[in-house]
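Q: Residues per chain are reported as follows:
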Amino acid sequence: DSGVTQTPKHLITATGQRVTLRCSPRSGDLSVYWYQQSLDQGLQFLIQYYNGEERAKGNILERFSAQQFPDLHSELNLSSLELGDSALYFCASSLGDGGYGYTFGSGTRLTVV
Amino acid sequence: GQQVMQIPQYQHVQEGEDFTTYCNSSTTLSNIQWYKQRPGGHPVFLIQLVKSGEVKKQKRLTFQFGEAKKNSSLHITATQTTDVGTYFCAGPSTGTASKLTFGTGTRLQVTL
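Chains as they are written, first to last, in the working numbering: chain E, 1427 to 1539; chain G, 304 to 415.
Hint data in this document are derived by calculation from the structure and do not stem from the laboratory. It should be emphasised that the depicted structure is a prediction, and the values quoted were computed from it without experimental measurement. Please note that a few of the clues may not be correct.
[Unchecked claim] FRET-style restraints, in silico, Cβ to Cβ:
(1) Ala381(G) x Ile1438(E): 14 to 24 Å
(2) Ser1491(E) x Gly319(G): 24 to 34 Å
(3) Ser1491(E) x Glu318(G): 43 to 53 Å
(4) Val358(G) x Val1539(E): 45 to 55 Å
(5) Arg341(G) x Gly1454(E): 24 to 34 Å
(6) Thr1537(E) x Gln312(G): 23 to 33 Å
(7) Gly319(G) x Thr1441(E): 46 to 56 Å
(8) Lys362(G) x Gln1470(E): 26 to 36 Å
(9) Gly319(G) x Asp1497(E): 42 to 52 Å
Glycine included, C-beta positions come from ideal geometry on N, C-alpha and C.
Okay, chain G solo, but in the shape it has when bound (with noise of 0.2 Å):
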């Protein structure tokens, strides 16, 4: 079945510095989608890409869709504690558009 990997699994940042994690499908994806999860809290949207090359920005908050729409990235700058949590990537499941299969999740700490 569908597979998507996140890396790292965990970093840990002191406040302000820059923080990546990293996205990948075994299959192709019609679209990518990032959720946000704070630590006791539940899982909450954040953006949606559709396009290949697609770049998306929220305000410290860069998204990137893959040119063969397979992987992904989140990059936040100047990171602030407010980001602690897990980011998770999702992508719907090949054959079921409508169920998404979720990423294994990278947790950011930040420490100041």
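Chain E with its partners taken away, still in its complex shape (with noise of 0.2 Å):
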């Protein structure tokens, strides 16, 4: 275990329809960094939060979007799936801003049918 908690851990969904996927990042880390992960794509870096506050954006789609709430948990919202959306959407914490290396989540494996 980690220490990064996310759920589900399999969701199946329709095109078209939205999904929430959650994050609890490890105690004491403030920053959560969100990552989708396919085949042929790799590991691509989606949005990051530090104690709150959107901090970086990578190439997250207009249909996808995400918070971090006080309690410092994240959701990440996609919305409009499409069947490329499925991938696997991990979920990265670290102490600060940065720095020294991410803890990982186990991941939700979204799958669009």
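Given two chains presented individually in distinct reference frames, assemble the corresponding complex, making use of the accompanying hints.
A: Written as structure tokens, this is what we have:
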């Protein structure tokens, strides 16, 4: 157990639907990062939050949004889902705003049918 | 944008053989990190290198950061079946120190 908790572990949904992925960072970590991993794209950075504020954005689609709450947990919202959104979504956390290694959660496998 | 490439993409070795993966960044990095992802698992942080030319060892694993801080390598001596997985290097993106750009990864398969 890495200390980073992601729910749900698996999600199957239909095209056009909206889903919410949840992440609780390791205790004491202030930064949360979201990554998408698909077979042909590797680990793609989506977005980072630090202590409730958005800090960095990657190639995150407009259909995707995220937030970090006062208790530091984060949610990634994916809407108008397409088949190509099927992937593993990882959340990672770190103590500060970057720097030393990330701790990853076990991921949410999203399948869009 | 910043690109981090790794070679080879895939390597299959027999247990006991050595293995090396190489990581090349299109930009100079302030540090390089290495992660291992077992099949079906999540990336796990292995190490961070900061200084130009730095070499660090973890048991059978040797990590090196290039003099120009644009490349790095991971060498595994006498591989074991427990070394199976994908090895990723990662470096801070240009302009955003906190955001890591991951390399393309090298998948290692070890057979007896």
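Q: Between the beta carbons of Lys362(G) and Gln1470(E), is the distance compatible with 26 to 36 Å?
A: With Cβ atoms ~31 Å apart, the hint holds.
Q: Can you let me know if the beta-carbon spacing of Ser1491(E) and Glu318(G) is within 43 to 53 Å?
A: holds, 47 Å
Q: Lying within 23 to 33 Å: is that true of the beta-carbon distance Thr1537(E) to Gln312(G)?
A: Hint holds: Cβ distance 25 Å, inside 23 to 33 Å.
Q: Holds or violated: 24 to 34 Å for the Cβ distance of Ser1491(E) and Gly319(G)?
A: violated, 49 Å
Q: A range of 42 to 52 Å was offered for this pair. Does it hold for the Cβ distance of Gly319(G) and Asp1497(E)?
A: At 49 Å between Cβs, range holds.
Q: With respect to the beta-carbon atoms only, verify the hint that Val358(G) and Val1539(E) lie 45 to 55 Å apart.
A: holds, 48 Å
Q: Determine whether the Cβ-Cβ distance between Gly319(G) and Thr1441(E) falls within the hinted range of 46 to 56 Å.
A: holds, 48 Å
Q: Check the following: the C-beta atoms of Arg341(G) and Gly1454(E) are separated by a distance inside 24 to 34 Å.
A: holds, 26 Å
Q: Determine whether the Cβ-Cβ distance between Ala381(G) and Ile1438(E) falls within the hinted range of 14 to 24 Å.
A: Cβ of Ala381(G) to Cβ of Ile1438(E): about 42 Å, so the range 14 to 24 Å is violated.
The structure does not agree with the numbered hints 1 and 2 stated previously, though it agrees with the rest.
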